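Asks: The primary structure of each chain is shown beneath.
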Amino acid sequence: MVPLQVLVADDEAVSRTVVGAMLKKAGYPVIYAPDGQQAWQMLDSDDPPAIALLDWEMPGLQGPEVVQRIRSKQVQAPTYVILLTSRDSSADIVEGLRAGADDYVTKPANEDELIARVSVGARVVQLQTALADRVRSLEEALANVRALQTLLPMCAYCKSIRNDQNYWEKVETYFTQHSNVSFTHSYCPNCYERFVRPELEALEDARAAQDRQRRG
Amino acid sequence: MDEPAILDQAVISGLRKLTPPGEPDVLAEVLKLFLEEVPPRITRLRNAWQAGNIQEVHRAAHSLKGSAGNIGARRLFEVCRQLDDISKSGDLAAAAPLVDALGVEFGKVESEIRRLIGD
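For the record, the sequence lines run as chains R and D. Residue numbers for the first sequence follow my numbering, beginning at 2 and rising by one. Residue numbers for the second sequence follow my numbering, beginning at 899 and rising by one.
Mixed in with the good hints there might be a few duds.
Facing chain R, a subset of chain D residues (Cβ under 7 Å, in silico) [stated by the list, open to error]: (1) Leu916; (2) Ala926; (3) Leu931; (4) Leu933; (5) Gly967; (6) Asn968.
These are calculated hints, taken from the structure and not from any lab test. Computed from a predicted structure; not experimentally measured. Every residue, glycine too, gets a C-beta built ideally from N, C-alpha and C.
Starting from the given sequences, assemble the full structure and let the hints guide the process.
Replies: Pasting the structure below:
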């Protein structure tokens, strides 16, 4: 599994460097943003970081505002957001979580706690990605099943099927087009007795009659 | 009770251990950044305090608190924390001794850092 990229957004270079060094030591590739605006640009890109550590108080865009913007985007695997805050009153934490943050870490960050929380985030992101993939393949399977569940008008005599364009198709053609089924041709024992054997016998009889004629 | 340390040795040794093999020393990098970044912010805080700009005092105190906390500068952190609190309550006059203490405590941290990184 490729380690997930982590964004560290903090206007304070000391804090940014320390947090970044902790993450790099734990094996995460790290990118940095010195303010909220640049953090948002990275998060709004086509290939955003999987996890973001956002300082609560940054010039320009503050942490909670960046989170709100992330959450208003409809994406399949949204960035896991951890707010970095030196505030630790429960009112502030509630405000951050309400804005859409997944978790918070109080500053100065304790290395073990920070890494433990980031790895929870990594687990959530990986689960979410796996789940999104699964949903996509199930949706594809369901679409195929639906295509085969409709009521098919079939000719009672020749067994042709009427398709959506009101055209009568052979069973083989219809199923090859509407499913992953393909056909090989053979005959069942009943049809062997009913059709194949008489044909073979007729052929033999014809050949014997020819031989007799030639000899006669 | 003992006075808090100028630089908390546990934090310093934690920072020292962050350096990956073969890479530049994280501790030295962080301490140098601290010496570069903090003095202009102390100046900003002092100017804002003189001008009575309480919002700016709060912002500066808050970010200084973060920097001090990250390198384990306990006494400086405590001064910043009190300034942060006072700037929230709005009583700037009460902050006078703290603004002075800020310079003094930073001076102590600075000489401690220069001793550590052999400057």
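Asks: Now look at each hint and say whether the structure bears it out.
Replies: To see whether the hints hold, each was checked on the structure:
no.: 1; hint: Leu916; result: holds (4 Å)
no.: 2; hint: Ala926; result: violated (11 Å)
no.: 3; hint: Leu931; result: holds (5 Å)
no.: 4; hint: Leu933; result: violated (10 Å)
no.: 5; hint: Gly967; result: holds (4 Å)
no.: 6; hint: Asn968; result: holds (5 Å)
Comparing the model with each earlier hint shows violations of hints 2, 4; every other hint is respected.
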